[in-house]
Structures are given as structure tokens and as C-alpha cells.
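Participant: As a plain string of letters, each chain reads:
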Amino acid sequence: MIRVESLRKKFKKLQALDDISAVFSSGQVISLIGPNGSGKTTLIKTILGMVRADSGHIYVNAKPIDGDPGYRSKIGYMPQIGRYPDNMKVGHLFSMMKNIRTMPDAELDTDLLVRFNLVSIFDKPMRTLSGGTRQKVSAALAFYFNPDILILDEPTAGLDPLSSEILKEKILQEKKKNKLILITSHILSDLDELTTHIMYLQEGKMIFLKDINTLRRETGEDRLVKAIAGIMRTDKKNALWIDEVLAMKAGKEHP
Amino acid sequence: MLKLTRYVLYDIIRSRVVLAYAVFLLLVSLSLFNLEDNPSKAILSLLNIVLIVVPLISMIFTTIHYYNSYEFIELMLSQPLSRTRILLSEYAGVAISMITAFLIGIGIPVLIYVPDAVGATLVLTGCGLTLVFTSIAFLASVKARDKARGIGSVLLLWFYFSLIYDGLVLLILFSLSDYPMEKFTLLLAALNPVDLGRISIMLKLDVSALMGYTGALYKEFFGSNAGVLFTSAMMVLWTAVPLWTALLVFRKKDL
Amino acid sequence: MLLTILNLCIVVMLSANTIEVGKDRRGGTLRQAVSLAKSGDTILLYPGVYNEGNIIISRSLHLLGIGSPVLDGELKNELLTLSGHGIVVKGITFRNAGYSSMNDFAAIKVIDATGVRIENNTIENSSFAIHFANSTLSVIRGNTIRGNNKSEHSSGNGIHLWKCSQMLVENNSIEGHRDGIYFEFVTFSVIVQNRSERNIRYGLHFMFSNDDHYEANVFRNNGAGVAVMFSKKVTMVNNHFEENWGAAAYGILLKEIKEGTIIRNTFLKNTVGIFMEGSSRLLIEKNNFRNNGWAVKVQASCDENDFGFNNFFGNSFDISTNGTMMLNRFYSNYWDRYEGYDLDRDGVGDVPFHPVSMYGMIIENNPTTLILLRSFMVSLLDKAEKAIPSLTPENLIDDKPVIKPNRL
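Chains as they are written, first to last, in the working numbering: chain D, 1 to 255; chain B, 256 to 510; chain A, 511 to 918.
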């Protein structure tokens with residue numbers, strides 16, 4: 001569904017993407033992981049056309065993305081930090097998006113809208129919303145148009161455990177509908193059970209893109225985090241970040 | 256396109272700045288027309304408003320609006336919309352609201368109190384300058400990295416067009432006073448939209464002075480049908496070229 | 511021929527000293543009538559077109575047109591030449607008087623005459639229309655004069671007076687000539703209620719003419735406005751000078767004028783309202799200057815002129831001068847540019863007004879800079895100059911500018 005070919009992007013001195021090539025297909029849930037500044041968000045934004053690559057190509061459904069912006073109607077995007085026009089009311093935001101994407105009401109996926117109970121805050125301006133509520137709005141918007149591809153940037157960050165669980169269930173449902181789901185995450189734990197593939201980026205380079213079973217087999221670790229940590233340990237690359245991940249993991253296990 | 260412009264307009268009207276601008280202009284023009292016994296003196300003061308305040312407010316408002324709509328633009332970019340369409344919608348929204356405010360604040364009072372060629376020219380010039388400086392401010396905003404730089408650069412541009420440029424013209428005319436400079440001066444005037452606007456009003460207001468020795472040449476040029484066409488064409492260029500450049504920059508920009 | 515003479519004799523006999531020409535298509539020629547008429551006779555000219563060439567009248571005749579008969583010169587001849595006293599020409603249309611580069615042919619020429627009255631005639635397509643030379647105590651009244659508006663050289667003046675005295679030019683309407691009204695060596699004469707428009711050069715032109723008075727005339731849209739030159743004691747009252755536009759066009763051009771007065775005139779939309787050169791001891795009071803390019807240009811060669819109680823509205827420049835010396839007085843004028851205050855509320859501004867702007871001086875030096883008129887930079891320059899005067903003449907100030915326009 002998405003093919004990325006030797007993508008490069010440089011911001012001033014920082015090489016954000018360094019020769020990335022990958023193929024993502026429907027039915028996959030890909031976890032994009034890597035330390036801060038490893039290029040996860042840049043990759044996502046490049047796929048969305050918000051960042052222009054210096055070189056390389058991206059194809060969505062076998063069509064290059066730099067021609068027609070119509071391919072984005074197949075994508076639902078949930079940004080890391082959802083920023084919306086301050087004065088716009090929540091309800092207005094949804095009706096506007098509906099108006100722009102021109103999709104009949106019957107085809108809309110209002111599942112999250114209902115489960116997050118967003119309809120009750122339809123008349124509140126965006127600026128009055130808390131960070132968590134904004135995330136709910138972003139999530140609901142991403143799924144609203146029932147897209148074939150979902151790109152979720154740190155989806156559970158800032159969500160309370162209950163909402164986080166709702167979102168996870170939703171992702172699982174969509175996975176079953178044979179959609180392609182790209183998730184970036186800093187913390188792996190809560191996405192363990194969803195992921196089919198792991199794409200690991202560091203300093204703009206793709207270190208690996210493997211399906212999770214292969215990964216487990218290679219490392220002999222059952223838990224995803226440990227599996228990755230195992231790889232990182234052997235590489236001794238950026239051990240600090242791995243320790244950080246493990247520390248958080250440990251914290252969650254022993255409160 | 257109109258769909259998006261509608262949302263831009265909605266956002267601008269909600270912020271009430273444009274409303275304040277319209278009320279400010281209306282207060283200024285009404286008090287000028289009521290305080291001065293002589294409407295032609297009020298026209299002179301309004302001339303300064305049109306030549307100085309309108310470009311300044313147009314540019315600053317555009318820049319602030321652009322940075323305030325960054326979220327909206329980001330949101331739109333993840334939708335199946337082309338960048339050209341997004342920026343043009345933004346431009347149309349800002350230009351329509353600024354021109355409406357100008358027409359309410361200055362256009363209507365002028366056409367009521369001074370319904371002659373001078374009044375009409377003043378209103379047309381104000382609309383033209385609004386379009387031109389909105390377009391220039393879009394270019395500056397798209398190019399500048401942050402809000403502070405954006406506002407700084409539009410202030411500099413405003414200073415250049417309304418003051419420094421004429422100072423340079425004066426300097427050139429004096430240092431080359433031994434040569435016949437009339438034709439060259441025409442060219443110089445065409446390279447500044449504020450001067451073009453000023454000259455169109457001057458042709459109506461100071462027609463007697465312009466019939467003098469050198470003035471006659473200016474009048475002959477700008478006052479003829481060809482001159483009016485030329486002035487309009489230059490104003491269109493001054494709107495189109497910065498906007499076009501802004502589009503080119505915006506299309507390549509990473510957001 | 512015999513029959514006509516017979517007819518004419520009958521007419522002469524019937525009305526002792528009234529001769530009718532052209533009535534009921536009878537009668538002889540005007541030339542015959544003039545030659546037959548005695549001093550004091552009246553000739554009535556009935557409708558028709560008379561192509562009789564130049565007719566000379568040297569006796570005291572009244573030539574009266576009835577129902578506007580036409581004298582046509584076929585562009586070859588002078589039409590009427592008058593000389594003597596008490597001649598009246600009234601109600602006749604003159605057309606196509608000849609042009610010669612040697613002589614000043616005119617529709618009506620009056621030489622060495624006194625007490626002549628030229629009234630209610632229409633004069634069309636003639637180079638000179640009414641031409642008086644060496645005459646006195648005559649009246650030119652109610653004539654309509656339309657020139658053919660050719661070049662300055664091939665066209666003559668509408669009403670041309672040379673070496674005359676005690677003349678009255680009243681209620682005429684002149685257009686399309688070289689000068690509408692031309693006075694040279696004319697003294698103690700009055701010009702009232704005339705309209706002089708669209709003439710190639712001046713609406714009114716004075717040369718070496720002293721002690722004259724002109725009042726309530728309208729001079730509009732003439733090539734160069736009105737010129738009063740080398741004259742003394744001319745009074746100009748209540749006239750309108752409008753839309754005299756051009757590089758060398760003025761409401762009034764004053765050159766070498768002494769002791770004149772210019773009172774209650776209106777200067778509207780002229781390139782320059784009054785241009786003064788070498789003029790002195792003029793009183794310029796209670797005039798309205800409105801929407802002119804320059805209301806008044808006073809050259810440095812002028813002295814002892816008084817500008818008082820005038821109103822200045824909407825002029826691009828109020829006063830301009832070419833030097834730094836100023837020997838003229840400005841007082842109690844209303845300036846719409848005045849930004850001073852009147853704390854004691856006596857109607858007089860508490861700070862003096864400098865009518866010459868910095869930019870006005872710049873324009874004098876470098877006319878190309880007119881392109882910067884009304885720019886922000888220019889108004890800043892003017893403000894700076896007001897705060898710290900350096901270029902503008904220090905003593906060109908109105909000490910007592912009035913706050914409200916003077917009532918005229």
C-alpha cells in the first residue's frame with residue numbers, strides 16, 4: 001500500500017531521513033520506533049506530504065504522492081500534538097472536515113466520537129480543551145472517514161488509561177478490517193499486542209523492519225521490549241534510550 | 256476553494272480583529288468628515304490613512320493571521336487538498352475580510368460624503384493597496400521562520416514602501432538633477448505600489464498643480480486611458496507576483 | 511438697377527432719416543445705403559446675408575440689425591471700418607472677416623473715433639473681432655464673439671483696444687481667439703461682466719494700460735489665464751479665474767505692476783492662482799484661492815505687497831517663492847493647512863503660519879520631484895522644517911492667521 005524508496009531529508013545539518021526504503025502492506029500494524037529525533041515523525045510527515053523529501057519516492061497504492069493530493073483521502077492521520085484553530089468549536093471542526101472530505105454520513109465512522117463522548121462537548125471551542133481531550137478529538141478525526149491507511153503519531157500519549165484502552169480496541173478492530181496502520185511510539189508496552197511489524201529508526205537510518213515473530217525468534221525474547229532491548233544491547237547503540245524504555249516499563253510493572 | 260475560504264473567513268470574523276479594524280476606520284472617517292467643515296480636507300487626511308495605515312494593518316494582520324492559522328493549515332495539509340488551494344483560500348479569506356473592513360470603514364463614508372471621482376479613486380486605491388500588501392505579507396510570512404521574524408520583516412517592508420523608497424527617489428532626483436529625469440521618474444513610481452496609488456489619487460486631487468511644467472508629463476502618462484490601464488496592470492502584478500512567489504515557496508516548504 | 515435705385519428713393523423719401531435695407535427682399539445694397547445716408551440717419555438692416563466686402567462708415571450713423579442680418583466677409587475682407595463720432599452698430603451678425611498677415615483685419619474696426627457703441631452683435635469666425643484704435647468714450651456691450659481657435663499666430667484678439675481712453679467693455683462673451691480682451695495703452699477704462707473662455711493665449715491681456723478697472727468677469731480655461739503687464743493702478747475686483755491649466759498658465763500673471771488692487775476675486779483650479787514678478791505696492795485682499803496647484807507664486811523681485819484677509823483652501827501649495835528674501839506682508843489670512851491653536855479664542859491663531867513649505871522650495875529647485883507630492887516622506891520633511899526652519903524664508907509668515915475663513 002505504501003512504498004518508500006531511498007528517501008532522504010536533511011534539515012540544516014540534521015540528516016532526518018537517510019536512505020529509507022520500505023514497503024507497508026494492508027493488514028499490517030507497523031510500530032515505528034526510535035529515540036527522539038530519529039526521524040519517525042519526519043517519515044510520517046513525508047508520507048503525508050507535509051515535509052518534502054530531498055530525494056527518493058513514496059508511492060501510495062502504486063501512485064507517486066507528489067502529483068495529486070487525492071491520495072490523502074485514503075489516510076487518517078492523528079498527529080502527535082493535535083493543533084486546531086482556537087476559535088473553532090468541536091462540532092464545527094467535525095462538520096468542516098466532513099464538508100472538506102465530502103463523504104456521505106452513512107459511511108462515516110462515528111465509533112470513537114460516541115465512545116469518547118465527544119458529542120457532549122460539540123459546542124466548546126477548541127482552545128478550552130485539555131491536552132487529553134484534544135487527543136481524543138484527533139483520534140476520532142483520524143478514524144472518522146474510515147480510511148484504508150491510519151497513521152497515528154504517539155496515539156496514546158496524554159490519554160487516560162480508559163481512553164487509551166478504547167483507542168487500542170479501535171485499532172484492533174481496524175486491524176481486523178485488513179487496514180494498514182502505522183504507529184509511532186516512544187513507549188512500546190501498550191502496543192505490544194497490536195503490532196505485527198517493528199520499524200526501528202535511529203539518526204534517520206532504518207536499522208530494521210521486521211515482523212514481530214521473526215524478531216522474537218531471533219532474540220528469543222517473548223516480550224517486545226525485551227526483544228528490541230536485546231538487539232540494542234548487542235549493538236550497543238544508544239543504550240541510554242533503551243535503558244530509559246526499560247525503566248519506564250519497570251515502573252509500570254512495579255508501581 | 257470557496258469551501259475552505261468560508262472557514263478562513265469564519266475564523267477571521269470570530270477573532271474580531273477585522274471588526275475592530277473596520278470600526279476604527281469608520282470612526283476615523285466619520286470624525287474627519289464631521290469635524291472638518293470642508294470634505295476635501297477630510298479626503299486629504301483619509302489619503303494618508305489609505306496610503307500609510309491600510310498597507311501597515313493589511314500586512315501585520317495577514318502575518319499574524321498566517322501564524323495563528325498554522326494549525327489550521329497543518330490540519331488541512333493532512334487532508335486531500337493541494338497546497339496551492341490551501342494558500343489561495345487563506346489569501347482569499349484574508350483579502351476579502353480586509354477589503355470588506357476597508358469598504359465599511361472608509362468606502363461607504365467616502366462615497367456618501369464625497370461621491371465624486373476623487374472619492375471613487377480613493378476607495379479603489381485603498382482596495383488595490385489592501386490586495387497588494389496582503390499578498391506581500393503572505394510572501395513574507397511564508398518565507399519567515401517564526402512569527403517575530405515575520406512581523407519584523409513586514410514592518411521593514413512597510414517602512415521601505417511608505418518612506419524609504421520615496422527618500423531614495425528624492426535622493427536620485429537631486430543627485431541626477433542635471434539630466435532629464437521625467438521618464439525615469441515615471442518608471443521609479445511604477446516600482447512602488449504606494450506611489451502608484453498616491454499618484455492615481457493625486458491625478459484627481461492636484462490636477463491643477465499637475466498641469467504645470469513637469470506635472471503635465473505625469474498627468475499625460477498616468478491620466479490617459481493607457482496610464483490607467485498601466486497603473487491597474489502594475490497593481491495586479493504587485494498582487495500576483497508576491498502571491499505566486501509565496502505559492503512557490505509554500506509548495507516546497509516543510510511544515 | 512434702375513428699379514432698385516427708384517425703390518431706394520421711395521424708401522428714403524418715406525422715412526426721412528431712416529433707411530431700410532433688405533426689407534421684403536427689396537432695397538439696394540448696404541453700401542449704397544451707407545453712401546446715401548446723412549449724419550444722424552438710421553439704417554435698418556433686415557435679415558439676409560450681405561456679401562458686400564468692406565464697408566466704411568465715417569459719419570454719425572446708427573446701423574441697426576433687425577432679426578440678425580448677416581455680413582459675410584468670405585474670409586477676404588474687413589467688414590466694417592468706422593471712424594468719427596457717435597456711430598452705433600447693433601444687432602448684426604458678422605461672419606468670416608478676412609485675415610491678412612500684413613494688416614490686422616477685423617470684423618469691426620474703429621479708428622480715431624469717439625462715442626461709438628458696438629452692441630449686441632454676434633461675430634463669428636474672424637481673426638480680430640472688434641478692434642479699436644486711438645478712440646475714446648466708446649462702449650462695447652453685449653456682443654457674442656466666437657473665434658475659430660486656430661494657432662496663436664494666425665488668430666487675432668476678440669476685443670482689441672489700442673491707445674484708447676475712457677472705454678467701457680461690458681457683458682460680452684468671447685471665446686476661441688488669441689487673447690479674449692486685449693488692452694494696450696488704454697487708460698481710465700472699465701471691463702465688467704464679460705466672459706472670456708477657451709482663448710488660445712490670455713483671457714485678458716493688459717499692456718502699458720494704467721488706471722483701469724475690471725470687475726465681475728469670468729476668465730475660464732484660457733491657454734494662459736489673464737496677464738496684466740507693465741501697468742499701474744489697475745483694480746481687479748470680484749472676478750472669477752477658473753481652470754487655467756498649463757505649464758505657463760495662471761489665474762493672473764502680474765508682471766511689472768505697481769499700485770494695483772486685487773480684491774474679492776475667486777481663483778479656482780488654476781495651475782497657479784497669481785504669479786507675480788517685479789510687482790510692488792499691490793493690495794491683495796479678500797480673495798478666495800481654492801484647489802489651485804499653487805495659490806500664489808511670489809518671485810523675489812516683488813516687494814511691498816500686502817496679502818490680507820484671503821482664504822486658502824485645498825491648494826496643492828499655498829505660497830511659493832524662488833528666493834529667501836521676502837519683502838511682502840501676509841496678515842489675517844485663513845489657511846486650511848494651519849495647525850496652530852487659539853487659546854484666547856479671539857479668532858486669531860496664537861502661533862504664526864509659514865505658508866511656504868519645505869517641499870514647495872524643493873519643487874522650485876527640482877520640478878521633477880513633483881512626483882512625490884503628498885507622499886509620507888514629503889509630509890515628514892515639511893513637519894521637520896516646521897520644527898526647525900532652515901530652507902524656507904524666515905520672514906515669510908502670517909503673524910495673525912485667522913482660525914475661521916474670512917467672510918468676503
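The reader is advised that the hints may include incorrect statements.
What the hints assert, rightly or not - Listed below are several chain B residues computed to face chain D (Cβ distance under 10 angstroms; list not exhaustive): (1) Y265; (2) K296; (3) N303; (4) S324; (5) M331; (6) Q334; (7) P335; (8) K398; (9) D401; (10) K402; (11) R404; (12) S408; (13) R506.
Derived from the structure by calculation, the hints contain no laboratory data. Because the structure is a prediction, the values reported are computed rather than measured. All C-beta atoms in this analysis are idealised placements derived from N, C-alpha and C, irrespective of residue type, glycine included.
Participant: List in ascending order the numbers of the hints, as given earlier, that are violated by the structure.
Facilitator: 2, 3, 8, 9, 10, 11, 12
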